[in-house]
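K.L.:
Position chains F and P relative to chain S; hints supplied.
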Amino acid sequence: MAENDVVLRVQDLSISYLAPRGRVRAVSRVSFELHKGETLALIGESGCGKSTLGLSLIRLLPVTGRIDSGAMLYQRRDGKIIDIRKLNKNQVRRFRWAECAMVFQGALNSLNPVIRIRDMVYDTARAHGEHNPNKARRRAMDLFQRVRLDFERVFNAYPHQLSGGMRQRVLIALGLLLNPQVVILDEPTTAVDILTQRTIIEVLKSIKDEFDLSIIFISHDLSVAAEMADTVATMYAGEMVEIGPVNEVFYRPHHAYTLGLLEAVPRLSVGAEELSSIPGSPPDLIEPPAGCKFHERCPFVTESCQVELPPFVAVEDTHRAACFESDRVLARALEIHDHERTAR
Amino acid sequence: MIGFQTIATTSGLIIGAVCGLIPLMVGIRLRQWKPALIGFLACLFSGFACGFLGGLPMIIIATAVVISYSYIAKDDPFLSRASIDEVDFEESWQDSILRQMSSLGRTTRAATRALIRNKAGFIGFIGVMFFFFMTVFGPSLIDYDGQAHYYDRMKPGAITLFQGPSREFPLGLDYQGRDVLSHMVHGGQKLIITAVQAGIFTTIIAVILGAIAGLIGSIPDRLLTGLSNFILTIPQFPLLVVLASIIEFDQRIFLALLLAVLDWPTLMRAVRAQVLSLRERDYVEAAISLDLGLPHIIVREVLPNMISYIVISLIFSIRGAVYSQVGLVFLGMVPFKEPDWGVMIYMGRQQGALFLPEASSMLLSPILAIALFQLSLVLFTRSLEELFNPRLRAGL
Amino acid sequence: MMQASHPPQAPSTLSQKLVRALTGYTARTLLQGLLTIWAVITFTFILIRKMPGNPVDIKVEQLMISQNLSYQDAYNRAAGMFDFDPDAPLLEQYLDYMWKLIRGDLGRSITSSGTPVLDQILRYLPWTLFSVGVGLFISFTVGIFLGMAMAYWRGSLFDNVMTAFSSVLFGIPNYITALLIILILGVQLEWFNVGEMLGGVDQDVKAGFNYDYLRSVMKHAFLPVLTYVSATVGGWMLTMKSSTISTLGEEYVTVAHARGLGRWRILTAYVGRNAMLPLVTRLAISIGFVVGGSVIIESIFLYPGLGKLLLQAIGSRDYTTMQGVFLVISVAVVASNMLADMMYGFLDPRIHVSGDR
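Protein chains in written order, with my numbering: chain S, 21 to 364; chain F, -17 to 378; chain P, 3 to 359.
Next up, chain S with everything else stripped away, as it sits in the complex (with noise of 0.2 Å):
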């Protein structure tokens, strides 16, 4: 890897499931890069494969998922180089949570519930060498403080007897114990109230600065992409196809996927106003259709969009997106721009 602050490379990344009727392409070609400190939003409907993409991240697929081609290629904190593909048994188990962590939704299933937080701690820390239950204690008080937690009644109660916000900033916490270079976060707000997720957001906004860490942060949510994530990519049945700094992807979207999305956020300045949505559904995963994934709901499709698939390029410096008609998506989502300005 040529620049220094790439920590994860991901390249070409094809990733399938078997299903009783054929293989499903889960994703497709995926290619990016996260840098030191960046957060990426990864942003899509269920089903287009960004949870997926996750778990590939640690190689955590279902016995069904097979990595199709493609690589993962991770640079540790020494510079040495790791392509994750071809780590054994054992050495997944140990860069999953030491290198990278996975903080899953906080649904009280995430939680062994016969077991108490503590011990949970304890177990991560035992797993991964540190069998003195002191220090694995004096950290996770530290960083239960900053999600915070008050420690004393968490750390000794079982799961079933946390609310909801606070398993999720447990799970937030656990990933964090041992100092990961990057911390996947899989929907953190999707299963909470607003209340709470606004403290989730918050908590994790503080911890963003505090420790030198990237993140990649899965959701459908894009208020909540705006507010994180230094850089947003969309996913679409199980393909990247747009990628780009937060303030571009917002204001300056270059494919009609992502522009749909923007307009389907309900904005409370414009005053009442029909609720606009993307009509019709995903393509089938096992049989996609030619042409780009998108067209059969695209209000921009063409004729070559039906049968080429648009390369993914770059629109503007660090902006790519794979689209035919990306200058009339441009257009239209700076027409609307002027439309709200003059509204106000």
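It should be emphasised that the hints constitute simulated quantities derived from the structure, not laboratory data.
Check the hints yourself; a few may be wrong.
What the hints assert, rightly or not - Here are a few chain S residues that face chain P, going by a calculated C-beta distance under 7 Å: (1) Arg116; (2) Met122; (3) Leu128; (4) Ser130; (5) Leu131; (6) Asn132; (7) Val134; (8) Arg138; (9) Asp143; (10) Ala147; (11) Tyr178; (12) His180.
Just so you know, even glycine gets a beta-carbon here, dropped at the ideal spot from N, CA and C.
P.N.:
Here is chains F and P on its own, set in the frame of chain S:
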């Protein structure tokens, strides 16, 4: 009584033919030729086997299957051709019967399909059918060898009258020189019938009590729940043994009743839970009154939802009843008459057959028969489970 | 901001702990158990006094015929044997009966003139406890391990063979298994000498904690224990297999893998402990069943346990012993049910919280 035996007889054949006319005619009327013929044959067969006991229920099932082939719900939006104005959403009682019959028929057809699909269940089904055939048709083919043969069959130099399997007597001879095979064929009937009776009694008692407990609540509910907990906690078999020693059983049906009295709690709880969950609905609250509401609610709402669970529970009850019966006979607690599998084991043990190699056949035959019968029942429930649990089914 | 559904308790004071203990799950289980035991005692009382085929009446008739007594004399004699005062009102008899019970007096045996029933029971009880206990323990443990293995290697040859095997074993009634063991393994295949293995212990060995005695006990307990295990292990295996399969699908197992935990730790604390929970509830029911079956099995193997004592008493129409043994058997089952329920409360912290359920 003629017509109510569970052995194949010629009168049964006639009864079966008569019963079979009904699905046949219904089928002809609805122009479903193949189902009509199958229905007729099914009635013929079950009538032949069990007289009225087999023929009458089969009429209902066969007719239901026939109806299900041609029934189209008037208000089914996908199949009906009637326009929305024509459809009257209130049901006349004739329509109601038709609808329920067709649903019964569909379930039966689905059951047969599921039967074949699940391997374990199919093996169980074959096993159950084997025993059914043996006990129903066997006695007509093989005569009962009831008389003791003291000398005419004894082999030269033998000490006992026992004999191992030979060409003449495929299952050997018992302690009185009698043919074991004939005892086997004749000896299963009463055992199985009593077990089935016990199962039916259990089901009836459990459903009624469960419905009462669920619908009325408060004191009757507490009492029944307490009673069922009590019965469940006491070790059943020792209680049976003690009761059997105190009470005299002249007729087997009383034993069936007693077995049912100890067996109802499990099913009752499930029925009660189901009824309680239904109570939440408003219209049930309105209908709660003993006179009108109770049977209505049980039949219309509780049973259809629970039919799968009830059938499986019935089979388990039968299984338990066989276990208890044979256990009691084996210990000598209940003096049943020969021929009977349980009595064979008991007598065999008394006569020391347990340790004589040549006597093994007399013991092994009923033992293996009972073991295989129980096993078949268990395996059979597997296919039923798959049928009634949509998640296990691979799409119907 | 902290909307906790079950607020975690701050460390509790002693009195708080006491209150929690009294209203908690454990206490309620205990209470329920005692109530059931009381019901059993009352039931047994009614059984002997008032049932059709009333043993007292039978005894009276017997005495009248065999010893040519008048009804009154016979009745009084019978009352003496059964150890109750026939003229007293029923309630008083009942209270008298309860009072004696509490003091451990179960009456006297009718046939072995005058031996206290309690003594007899105490002689036979340890054997049943031993054989049934060992059988249950082995069956449960083996069943859990094999069940988990079957779930982990689902679909393999091992799994299919084991599933078939356990289904077959599970379907056969326990006394049939016992008879089959004797007939096929003992008589036909002659793997062991059946005659030698009957009974509780060899007659010529001195009792006590010496090696010979223990070895003899083991040898004789082998067949009954083998029967108990064979009859029940299939059920444990199948239940554990399905429970493990559903636990493996839970998210916290995936999270545990994501945390880089070792396979063994996940197997025991994450999968094992959770998958076991449904089985512990079944354990309670299973105990009752195995004890019930022990009546027949002890008879088959001539094993000197409570079951054999019960049958002996029935055979000789020794009603007081019968009553006493039945009572003890029932109480033992109820007590073990209670234990199993409490163990479940101990294992599953979701129930442990005070008084909620």
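K.L.:
Determine for every hint whether it applies to the structure shown.
P.N.:
A quick look at each hint next to the structure:
no.	hint	verdict
1	Arg116	holds (4 Å)
2	Met122	holds (5 Å)
3	Leu128	violated (9 Å)
4	Ser130	holds (5 Å)
5	Leu131	holds (6 Å)
6	Asn132	holds (5 Å)
7	Val134	holds (5 Å)
8	Arg138	violated (12 Å)
9	Asp143	holds (6 Å)
10	Ala147	holds (5 Å)
11	Tyr178	holds (5 Å)
12	His180	holds (5 Å)
In summary, the numbered hints that this structure violates are 3 and 8.
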